[in-house]
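Q: Sequence:
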Amino acid sequence: MGRQPCCDKVGLKRGPWTIEEDHKLMNFILNNGIHCWRMVPKLAGLLRCGKSCRLRWINYLRPDLKRGLLSEMEENQIIQLHARLGNRWSKIASHFPGRTDNEIKNHWNTRIKKRLKLLGVDPVTHKPIEQKEKVEEKTETTPETNSSKEQEENLEVISRTDNHAQSEVLKTSDQKQNEEVEIISTDETTDLLHNYEMLCGSLDVGLWMNQETNTTSNSNSSPSLSLEDSLNPSMGESSSIQEDSPQQWVDSVDSLLSWDCFNQLEEELFFLND
DNA sequence: AATATTTTCAACCGCGGACCA
DNA sequence: ATGGTCCGCGGTTGAAAATAT
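By the UniProt record's numbering, the letter at position 43 of the first sequence is numbered 43, and the numbering carries on one by one without gaps.
Hints are computed from structural coordinates only; laboratory data are not their basis. Cβ coordinates follow ideal geometry from the N, Cα and C atoms, glycine included. Please note that the accuracy of each hint is not assured.
Subject to a maximum C-alpha distance of 25 Å in a straight line, what follows is the list of computed DSS-like cross-link-like pairs (lysine-lysine) [claimed, not checked]:
#1 K127 / K105
#2 K127 / K117
#3 K105 / K117
#4 K13 / K42
#5 K127 / K114
#6 K127 / K91
#7 K24 / K13
#8 K105 / K51
#9 K91 / K117
#10 K91 / K113
#11 K51 / K114
#12 K91 / K114
#13 K42 / K24
#14 K91 / K105
#15 K51 / K24
#16 K51 / K13
#17 K113 / K127
What follows is a set of in silico ranges between Cβ atoms, one per label pair, in the way DEER data are often shown [unchecked claim]:
#18 M39 / G15: 20 to 26 Å
#19 N102 / V124: 16 to 22 Å
#20 N87 / H35: 37 to 43 Å
Between the sequences and the hints, there should be enough to build the whole structure, so can you do that?
A: Okay, structure coming up:
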């Protein structure tokens with residue numbers, strides 16, 4: 001099966017999408033639905049390839065996207081699912097309505113990986129990391145940037161959590177062997193979450209929470225979700241689109257297209273796609 | 001305040017599978 | 001069975017933003 005270029009790239013635009021392009025794509029899809037991505041840019045009057053349009057729609061324009069930071073509960077679920085499914089981000093994302101595989105993948109790579117390392121858990125194998133290796137890795141990956149104080153803190157957390165992490169991780173690594181893990185039964189999920197809650201319960205949550213707060217509180221974006229929020233994630237709802245999307249373009253697009261209107265059209269659109 | 005470094009995340013690339021003629 | 005086409009996925013990149021010095 002020879003691979004063909006997805007499109008004729010000559011004359012096609014690349015890079016960040018403009019508000020105008022977003023508007024064109026949204027209008028087209030809302031009016032016509034999605035039948036053939038390859039035709040979308042031509043019909044919508046965009047100088048983009050179909051792939052680019054698809055990605056933009058799925059990761060950013062879809063009205064049912066749940067915006068804002070992932071809650072701690074969601075993070076924990078991602079870890080559990082990753083232990084079972086590996087890097088099958090689309091499968092993992094399917095458990096989080098309104099979240100995209102790209103978003104979850106990015107979150108995993110930028111935050112959860114670090115969090116697991118901090119807990120002394122290998123993010124790839126979900127097995128405990130030997131303490132020596134951890135120190136070496138820490139100095140390898142972030143040479144000179146880590147203060148000795150930070151390293152001390154890390155080691156402290158690791159030593160406090162290793163025992164619990166080990167028992168939890170050993171279980172999930174066995175489960176990971178199963179190739180066909182399409183759907184996790186409710187019982188299994190509950191079981192896994194219970195295990196993870198036990199792990200979390202033994203951690204210095206305050207340290208982690210502080211780090212999270214520090215990294216988010218300075219930004220202009222909406223405040224991170226409270227613990228209450230994280231315990232009560234609004235799975236499958238897109239109610240937070242307006243409140244949680246401070247990105248500047250949304251403000252601009254709002255003037256062109258009402259999100260309320262979007263929400264009304266949303267159902268029709270997804271019925272069409274079925 | 002200026003510069004350097006790190007982090008984040010939107011977007012791209014290329015592979016492989018599904019589907020169809 | 002074969003080859004062509006399209007779509008979806010996962011890995012990677014690089015610009016912008018945030019943070020540190």
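Q: Determine for every hint whether it applies to the structure shown.
A: The hints, checked one at a time:
Restraint check: the Cα-Cα separation between K127 and K105 comes to about 20 Å, which is no more than 25 Å; the hinted pair holds. Note on K127 and K117: the hinted pairing holds, with a Cα-Cα distance of about 10 Å set against a maximum of 25 Å. Straight-line distance between C-alpha atoms of K105 and K117 comes to about 17 Å, which keeps the hinted pair within the 25 Å bound. Of the pairs offered as hints, the one joining K13 and K42 holds, with about 13 Å between alpha carbons and a cut-off of 25 Å not exceeded.
Restraint check for K127 and K114: the C-alpha separation of about 14 Å stays at or below 25 Å, so the hint holds. The straight-line distance between the Cα atoms of K127 and K91 is roughly 22 Å, inside the 25 Å bound, and the hint therefore holds. Restraint check for K24 and K13: satisfied, since their Cα atoms lie roughly 14 Å apart, inside the 25 Å limit. For the proposed pair K105 and K51, the alpha carbon gap of about 19 Å is at most 25 Å, so the pair holds.
A threshold of 25 Å between alpha carbons decides the hint, and for K91 with K117 the separation of about 23 Å falls inside it, so the pair holds. Under the criterion of a C-alpha separation no larger than 25 Å, the hint pairing K91 with K113 is consistent with the structure, at around 18 Å. Note on K51 and K114: the hinted pairing is violated, with a Cα-Cα distance of about 31 Å set against a maximum of 25 Å. About 22 Å separates the Cα atoms of K91 and K114, which keeps this hinted pair within 25 Å; it holds.
Restraint check for K42 and K24: satisfied, since their Cα atoms lie roughly 11 Å apart, inside the 25 Å limit. Between K91 and K105 the alpha-carbon distance is near 11 Å, which keeps this suggested pair within the 25 Å criterion. Pair hint K51 plus K24 holds up; C-alpha atoms about 16 Å apart against a cutoff of 25 Å. Using a Cα cut-off of 25 Å, the hinted pair K51 and K13 holds, with the two alpha carbons roughly 12 Å apart.
For a cut-off of 25 Å, the pair hint linking K113 to K127 stands: about 13 Å separates their Cα positions. As the Cβ distance of M39 to G15 is approximately 22 Å, the hint placing it in 20 to 26 Å holds. At roughly 20 Å, the beta carbons of N102 and V124 sit within the given window of 16 to 22 Å. For N87 paired with H35, a C-beta distance near 30 Å fails the hint of 37 to 43 Å.
In terms of the numbered hints stated before, the structure departs from hints 11 and 20, listed from lowest to highest.
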